[in-house]
Amino acid sequence: MKKEYSYALTLLIVGAAVIGGLYYKKSMQKASQAALDSSDKKIILPSKSANIKEVQEYLEDLQKVYKSGGSVLPLDSSEIDSNGAVAQEIALKDSNFLSDTRVKGEPIHNDIMRVLPSMPSLLDNKSKEQCKADNCYILEKYNFVYNSTTRAIVDIDAKKVIAIKRFDGMQPDISSRLTKVAKAIALKSPEILKELGHTPTPNELSMANVRTNLQESPCEEKHHLCVAPTFADHQKERALWAIVDLTELKLAAAKWAGLGKTYTPACIDERTLQNRYIVKNFCQKDNNISKNGWQITYHLTGSDGLELRNVKYNGQEVAKSLKIVDWHVAYRGLGADKLDTSTPTIVEGRRVEFVKGENNEYTFGYNDAMGCPMFSTSVVLAFNGPQIKPLIENGKEVGFYIVQDFRNPKWPMACNYRYENKFEFYNDGSFRVVAINLGRGCSNKAIYRPVMRLDTTTGTKEQFAIYQDGAWSSWKSEGEYRSTSKEALYKGQYLYRLNSQDEEQKGFYVEPNRGQFKDKSRGDHEHIFVTKYRANEGDEDLLTLGSCCKLDRDGVEPFSEDKESIVGQNLVFWYVPRIQNDDREGHEYCWADSTIDANGNPSVNIWPCIVGPKFVPIKNVEK
56 MKKEYSYALT
66 LLIVGAAVIG
76 GLYYKKSMQK
86 ASQAALDSSD
96 KKIILPSKSA
106 NIKEVQEYLE
116 DLQKVYKSGG
126 SVLPLDSSEI
136 DSNGAVAQEI
146 ALKDSNFLSD
156 TRVKGEPIHN
166 DIMRVLPSMP
176 SLLDNKSKEQ
186 CKADNCYILE
196 KYNFVYNSTT
206 RAIVDIDAKK
216 VIAIKRFDGM
226 QPDISSRLTK
236 VAKAIALKSP
246 EILKELGHTP
256 TPNELSMANV
266 RTNLQESPCE
276 EKHHLCVAPT
286 FADHQKERAL
296 WAIVDLTELK
306 LAAAKWAGLG
316 KTYTPACIDE
326 RTLQNRYIVK
336 NFCQKDNNIS
346 KNGWQITYHL
356 TGSDGLELRN
366 VKYNGQEVAK
376 SLKIVDWHVA
386 YRGLGADKLD
396 TSTPTIVEGR
406 RVEFVKGENN
416 EYTFGYNDAM
426 GCPMFSTSVV
436 LAFNGPQIKP
446 LIENGKEVGF
456 YIVQDFRNPK
466 WPMACNYRYE
476 NKFEFYNDGS
486 FRVVAINLGR
496 GCSNKAIYRP
506 VMRLDTTTGT
516 KEQFAIYQDG
526 AWSSWKSEGE
536 YRSTSKEALY
546 KGQYLYRLNS
556 QDEEQKGFYV
566 EPNRGQFKDK
576 SRGDHEHIFV
586 TKYRANEGDE
596 DLLTLGSCCK
606 LDRDGVEPFS
616 EDKESIVGQN
626 LVFWYVPRIQ
636 NDDREGHEYC
646 WADSTIDANG
656 NPSVNIWPCI
666 VGPKFVPIKN
676 VEK
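According to my numbering, the sequence shown is numbered sequentially starting from 56.
Keep in mind that the hints are not guaranteed to be accurate.
Label-pair distances were calculated between CB atoms; the ranges are [what the hints assert, rightly or not]:
hint, residue 1, residue 2, range
1, VAL200, ASP341, 32 to 40 Å
2, ILE443, ASP617, 18 to 26 Å
3, GLN560, LYS215, 31 to 39 Å
4, ASN660, ASP189, 47 to 55 Å
5, LYS575, ILE163, 48 to 56 Å
6, GLY514, ALA590, 14 to 22 Å
7, LYS335, GLN560, 58 to 66 Å
8, GLU452, ASP617, 40 to 48 Å
9, LEU248, ARG589, 43 to 51 Å
10, GLY224, GLY125, 41 to 49 Å
When the alpha-carbon atoms are kept at most 27 Å apart in a straight line, the in silico BS3-like pairs for lysine-lysine are as follows [unchecked claim]:
hint, residue 1, residue 2
11, LYS587, LYS561
12, LYS678, LYS346
13, LYS335, LYS183
14, LYS249, LYS108
15, LYS573, LYS346
16, LYS249, LYS148
17, LYS340, LYS181
18, LYS181, LYS444
19, LYS220, LYS375
20, LYS573, LYS444
21, LYS214, LYS183
22, LYS367, LYS181
23, LYS243, LYS108
24, LYS235, LYS214
25, LYS220, LYS187
26, LYS618, LYS605
Derived by calculation from the structure, the hints in this document are not laboratory data. Don't be surprised by glycine CBs; every beta carbon is placed ideally from N, CA and C.
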């Protein structure tokens, strides 16, 4: 049994209180499916705003700040360490950091969301140099009115802000204070209590701090900050999503969704979220590996997973940065025919609207990030550090790979996720970037889209081409292409090419995954983008890209929409596979579950989905 699986099994055994209660009953399946068929078409809209103590306390905290002359709600002492408190005090006196917090002299709603020690993945090159010698902290502030995030780097030794960046239309991880508010809204809203049929406890909740999106509700159309606390009912194989609008501090909507058949126990002991070893050794410093001709620098990021930088093969630059920055998780809801969208639905003075899709469906879901296990609230967290292992094919060692496991603490329970970032390096100079989903998610109707940012290096002047009509067609400007997965491939393998404009054999053919890598993959079905390199488009940690649930947009579009010339430029290749999960017996894919083994103990079953392209040196192909 693999080591990481044994850890998950240990957690399951600790949490399993009654083994006999885990057995699945077919009679219950039929009854619960009938109930789900009915409830799955039901969208619950709140008719009034509940008077919730935690919301009132939060609003009182805001008023105290405004009355004292401030314009930003700071984190309290329970959320930050002593150095973080100093950094926050410095930032809240910086006029540039506060420049968007007032309109005509009056404060507008701004919260500090995170204060954390600096990490390499969040620093530009100038700040990295200064923070090598000095103690630096990073602050993130969210502006609820403008739906924008401001990130400040504070040198607490020099007692000043040394860098500020603003991210329009992007949202940060939420604070512990707002997580508490979101939980309270979900737990105390009368519509939720009515749907559940009982007064829920905090232990029944998951995903309370994970941002969500419901198409054309205020969470998307008005760019509100929304999260989705989720109540999983394992017996009835369904989950109730509570869409909480933190901009207006209300329940926006609620929606039942199916979980699929499960044996998973409802009680699993949580792994601690504060793994200091990982943070110290992999988040707050770079690591290096030199093996089989490869030289690689790597670190864990705050929200962009495992990042590899300055990748070289036999002394030649291969990539400046390789990482998987997001997982978009969308679920299909049924019952669009029951929705009246002819006129806006007004709830407490705001508009809640749902879009009818094809086949009587609409979409809702999460944006998942992966990152360090401290100082972050919404990411799927690093589980142990990166592992370096031999790459074996047909019994022979052909290279090595670096892999990082990310998981929610209660995985493999429903509404918990597990991902792996895997980078394969071959002895011949080829490499593959691999995104792995190990389930289980919140429903058996999920569409997963990992967003890969691949900044390869083929020279100072780079070019991109796609194989079409029996020839290579070079792109002159930024753009995108959605694969049909049925295109004719160059030499039966390659669809894309990234190479030097001056030396055409210096570069890579890109081999998309069509299920040929012997890993039981069902293919990538990829959407690709090619953009000109711009440092603020992912060279540092990105905030969440785009919508989880607009299936015709993958979040990278704003970087390519200007169609700037890419002739002779440094290029970034974005690769977004699309995966449909499957819980059908004998056909499971992107799925995880627990069964009872011969000894009467819970045992985790995993059916991963594995996606990602392989980069093969052109010289290897055109010998």
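Now the hints, each set against the structure:
{"no.": "1", "hint": "VAL200 / ASP341: 32 to 40 Å", "in the structure": "holds, 38 Å"}
{"no.": "2", "hint": "ILE443 / ASP617: 18 to 26 Å", "in the structure": "violated, 40 Å"}
{"no.": "3", "hint": "GLN560 / LYS215: 31 to 39 Å", "in the structure": "violated, 50 Å"}
{"no.": "4", "hint": "ASN660 / ASP189: 47 to 55 Å", "in the structure": "holds, 50 Å"}
{"no.": "5", "hint": "LYS575 / ILE163: 48 to 56 Å", "in the structure": "holds, 52 Å"}
{"no.": "6", "hint": "GLY514 / ALA590: 14 to 22 Å", "in the structure": "holds, 19 Å"}
{"no.": "7", "hint": "LYS335 / GLN560: 58 to 66 Å", "in the structure": "violated, 43 Å"}
{"no.": "8", "hint": "GLU452 / ASP617: 40 to 48 Å", "in the structure": "holds, 46 Å"}
{"no.": "9", "hint": "LEU248 / ARG589: 43 to 51 Å", "in the structure": "holds, 48 Å"}
{"no.": "10", "hint": "GLY224 / GLY125: 41 to 49 Å", "in the structure": "violated, 25 Å"}
{"no.": "11", "hint": "LYS587 / LYS561", "in the structure": "holds, 19 Å"}
{"no.": "12", "hint": "LYS678 / LYS346", "in the structure": "holds, 25 Å"}
{"no.": "13", "hint": "LYS335 / LYS183", "in the structure": "holds, 16 Å"}
{"no.": "14", "hint": "LYS249 / LYS108", "in the structure": "holds, 19 Å"}
{"no.": "15", "hint": "LYS573 / LYS346", "in the structure": "holds, 25 Å"}
{"no.": "16", "hint": "LYS249 / LYS148", "in the structure": "violated, 47 Å"}
{"no.": "17", "hint": "LYS340 / LYS181", "in the structure": "holds, 16 Å"}
{"no.": "18", "hint": "LYS181 / LYS444", "in the structure": "violated, 34 Å"}
{"no.": "19", "hint": "LYS220 / LYS375", "in the structure": "holds, 22 Å"}
{"no.": "20", "hint": "LYS573 / LYS444", "in the structure": "holds, 18 Å"}
{"no.": "21", "hint": "LYS214 / LYS183", "in the structure": "holds, 17 Å"}
{"no.": "22", "hint": "LYS367 / LYS181", "in the structure": "holds, 23 Å"}
{"no.": "23", "hint": "LYS243 / LYS108", "in the structure": "holds, 10 Å"}
{"no.": "24", "hint": "LYS235 / LYS214", "in the structure": "violated, 31 Å"}
{"no.": "25", "hint": "LYS220 / LYS187", "in the structure": "holds, 20 Å"}
{"no.": "26", "hint": "LYS618 / LYS605", "in the structure": "holds, 21 Å"}
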